[in-house]
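K.L.:
Chains as they are written, first to last, in the numbering used here: chain W, 1 to 598; chain Y, 599 to 1196.
No lab work stands behind these hints: they were computed from the structure.
Heads up, the beta-carbon is just placed ideally off N, CA and C, and yes, glycines get one too.
Each hint can be trusted.
Chain W stretches covered by chain Y per the calculated footprint, using a threshold of three residues with CB under 8 angstroms from any CB of chain Y:
hint, stretch
1, 329 to 340
2, 343 to 354
3, 412 to 418
4, 510 to 517
5, 520 to 528
6, 572 to 578
7, 584 to 597
Straight line, CA to CA, 30 angstroms or less: simulated DSS-like cross-link-like pairs of lysine-lysine:
hint, chain 1, residue 1, chain 2, residue 2
8, Y, Lys929, W, Lys177
9, W, Lys331, Y, Lys775
10, Y, Lys1051, W, Lys331
11, Y, Lys1051, Y, Lys775
12, W, Lys146, W, Lys373
13, W, Lys453, Y, Lys929
14, Y, Lys620, Y, Lys648
15, W, Lys22, W, Lys557
16, W, Lys146, W, Lys236
17, Y, Lys1051, Y, Lys620
Derived contacts from chain Y toward chain W, CB cut-off under 10 angstroms, selection only:
hint, residue
18, Ile926
19, Met947
20, Leu1115
2 protein chains.
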Amino acid sequence: MSDYNAPLADMRFVLGEIAGLKEIADLPGYEEATPDLAEAILTEAGRLAKDVLAPLNRTGDQEGCTLENGAVRMPKGFPEAYRLFVEGGWGSLPFDPEHGGQGLPWTLSIAVQEMWSAANLSFSLAPLLTQGAVESLQVHGTAEQKTAYLPNMISGRWSGTMNLTEPQAGSDVGALKTRAVKQDDHYLITGQKIFITWGDHDCAENIVHMVLARTPDAPAGTRGISLFIVPKFLPKEDGTLGARNDLRCVSLEHKLGIHASPTAVMAYGDSGGAIGYLLGEENQGMACMFTMMNNARISVGVQGLAIAERAYQQARDFARERIQSRAIDSKDAGGVAIIQHPDVRRTLMTMKASVEAMRALAYLAAATLDKAKRAPEAGERAAAQARIDLLTPLVKSWLTDCGCEIASLGVQVHGGMGFIEESGAAQHYRDARILPIYEGTNGIQAMDLVCRKLPLGNGDVMQGYLAELDATVADVAASNAPDFGQMAERLAQSVDALRRSSEWMAQAVVRRPEAALAGATDYLRVFGLTAGAVYLARGALYVQRQSGDDGIVMPGKRYVALARYFAEHLSVETAGLATSVMSGGDAVLMLSPGQLSA
Amino acid sequence: MSDYNAPLADMRFVLGEIAGLKEIADLPGYEEATPDLAEAILTEAGRLAKDVLAPLNRTGDQEGCTLENGAVRMPKGFPEAYRLFVEGGWGSLPFDPEHGGQGLPWTLSIAVQEMWSAANLSFSLAPLLTQGAVESLQVHGTAEQKTAYLPNMISGRWSGTMNLTEPQAGSDVGALKTRAVKQDDHYLITGQKIFITWGDHDCAENIVHMVLARTPDAPAGTRGISLFIVPKFLPKEDGTLGARNDLRCVSLEHKLGIHASPTAVMAYGDSGGAIGYLLGEENQGMACMFTMMNNARISVGVQGLAIAERAYQQARDFARERIQSRAIDSKDAGGVAIIQHPDVRRTLMTMKASVEAMRALAYLAAATLDKAKRAPEAGERAAAQARIDLLTPLVKSWLTDCGCEIASLGVQVHGGMGFIEESGAAQHYRDARILPIYEGTNGIQAMDLVCRKLPLGNGDVMQGYLAELDATVADVAASNAPDFGQMAERLAQSVDALRRSSEWMAQAVVRRPEAALAGATDYLRVFGLTAGAVYLARGALYVQRQSGDDGIVMPGKRYVALARYFAEHLSVETAGLATSVMSGGDAVLMLSPGQLSA
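Given only the sequences and the hints, what does the whole structure look like? Please build it.
P.N.:
Set out below in structure tokens:
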């Protein structure tokens, strides 16, 4: 089992040269994010991730969470680690200084989140869920609600949850049945919620559940859903904790992975009704929930990146140490480290090049989020918001699909040892598998991309994005760098595949929605591979511009090699995928469900 | 958790119309394999798989194997199931009637093996390992050895193991250190072996370990390895069991999956030396071991097929029952079974089309094995042997890679429930992950394909194979079946990608072996996707030829749809992969191991 070391050099490069952290720090309100502060934060976060969180990853997996007398006990070390996390103020980075936040850019916060998730995916879910609840309160809360909840939640002394799912209502949120009946200044909530991440635990003083429920006369479906603040302990006027609310964890799921993240079945109102406070307005719950979910989707994408980085580090370290077989070009009968073998090297290049493409996507998405919030001109903000709307399903899905694939490659590099739990590679493979599922399955994301995001601005949002990709392709073509190999040609083919399949999709989604949906997942993959390849190329171009008379040398050469590898070996998949998309779904739908399932 | 039902109709179709079981039954020695007998065997095997083995899959996973006082105790129900398996004569299907086998074709035996593996992957490893040991004894054993071991091993009363791996000797078998010192008519074996599947258990009366070891004056590397028969209990002259041999299981691995398959660390000779009998000749151990391994590689490929079929059945059944969200083309607000949603349908088509492609490859490989053994003309046998040599790494790798991917898709179809162990989908995902690793990692298989198999017969073996693929493509092009969609064009592109990358490989393996090895895994995938697409097309052509005036209708339409889906949506990946292969590995090798791992 290997350590986790935050890849600070790689992170700095992507933050600085691809996501443009300096430009972000120039936005009004982000002036605090000086290079010195950013550096200090990254370094300190890396230390906490390595020294405190990473060592609990395996023990947390083995021990898991236990439910005793209605209370969840976390694995050994988790409460203490959580305390250190809160004391360090790590949960407060991106939030409103008015309520105790540090007001730092998401761009920086996302890099730090990557570290928590890489070090300990289970642990990282606590701040992730709290963050979603905070966002929602910041946007939709009344002044009183903000005062009552935000300081303690931003500090992390109280954690947050999201309560959407019920047995019959998963992706179909509108099918939920939990009831909310108004009584005086509050509502009484009754119902059962499942899959509640960190639904109960012994790390925070209080847990603030954000619960979707339906008032008695609400319209059917998603238009009749409201969001409620349902704290475990009711805060008193003076801010101290009052009575225990009528809610409890009735069981924990036995899961494939993230064993140290308690996934609770929560019962509300078994003794008459849990007290809940309406957030926003009645029947506007979906809007409030999407405030939580959109950011959470970016963060889950970052988890995909994080588990991939962790799996890569572990595979690389193993490949450096494991001696097996002689090198192909050597007459020496002695064994070499398996990192010398071309097929292992190819696997590691696939892992690392994918990680860097994912990182570029994630950090750029965060920078776009910052612009959407803080750009001085309304037009700039709107453009950035449209861009992040477009990219959110991509970041959630493509990064988490890659996370699973790379965790699987990590197992493979270990050979037989990879299948043994002791090595730790298997845990990443298990943990990663939740990522394409939660926070909206990747199939739902693909549908969102195709049906809601591509048509944004009558297709202009996507056109503008493609034009930016074109510009990078032209720069690569003009660069004449021998180390770039066939990068220009491969990028041009990928962007062409994305453009053709986008145009096809724009038509299909109107005229043949079933065919569009049948191709949505392949289309999303074309998008991810193309965007990843182009962003890596931007980094390579930066390296080339910075290179002196000796041409491209280390350490910049490393990024160039990864960009080239991605273009020549991974993004080449795009043309075939575009062909699949544009086949139009006839073969997908040729058999009726009954015929398929015969 | 769903049942397993052997897909008898699909199996019959592939056996009959693609693998040509009738033709195989005409080979001398296989006359017993009448259609009636084949049908009876498939039906009865399906019953045992469903009623006895499948119900133990989940309980075996939960309970696992335990080591107590040096003896392994299997999970509840396993010894009884094994007894039924032996009593039914299921282990004896393909073996020599002279020693109690039924002398049936591998073609039929492989279909039955698929059922065992799909029903219970852990269980299926016992007969699989025994089969490898039997094969090796049949080919390399003396008359006395055959008499002493084969009847009991063919019946399954005794099981077999393969002992290759040592901590420092995994893929690099030549690095093994276990010692064998001659003494009278036997050898004394000392050393430790790891990863010994079914190394100890309480199902069979005796366990016959096939152990690779090195005699004192043996040359270094693989040329100095000998294979020994090392029984747990030494058989007496009269066939009864005698003394306990000096060997024991010292620990069991804690694994990601196949929890009901005991993976043992075996110690030989702790009390002076385990008694072993040389199989074949000294220093010829690798040849004897390859007799075991080549068949085992086909069987492991079949395990990939099997877990994919199981995952498919479970996902399909879940998708039929799970109600969630309205259909895209419906105004009705009510939810529908998720199998109605195009993205779920696409996923299921991917799973099922892949399963059928894998099945075609596996059964055809088995038919080729039968021809290599039984064809009347020496030339035919030699051609079949060359063909199966070529296809073995493909069947092992491509089918097991697909097995993992499809088990992962199976989890995804289940949404949140997929991540909960109770659903069973997660177990397939865990179990499947061993398949690309054991019996030679898939990276080793790709190397074998490129370095040893493509050059067979100076490249003529591959050329002959390509010519056969061309013929099918021409038939599809000539078919003019509207239901075939773009199948002809896509197949032609895939075969072209395989041909181009094969030609490139043939050059590279001589001139730039590092570049060849860097592309070997992608090349193998081009090969698998192309072969799979073409074999499915053969089935589709058969359906078309059988179709009457109404055109292609159910049930044949189902196979046509799968063939078309595979060609239009999955095999389209081949051109991009061929481009990756022919990029030549410059980007793979651009960074030195030190630079990559910085």
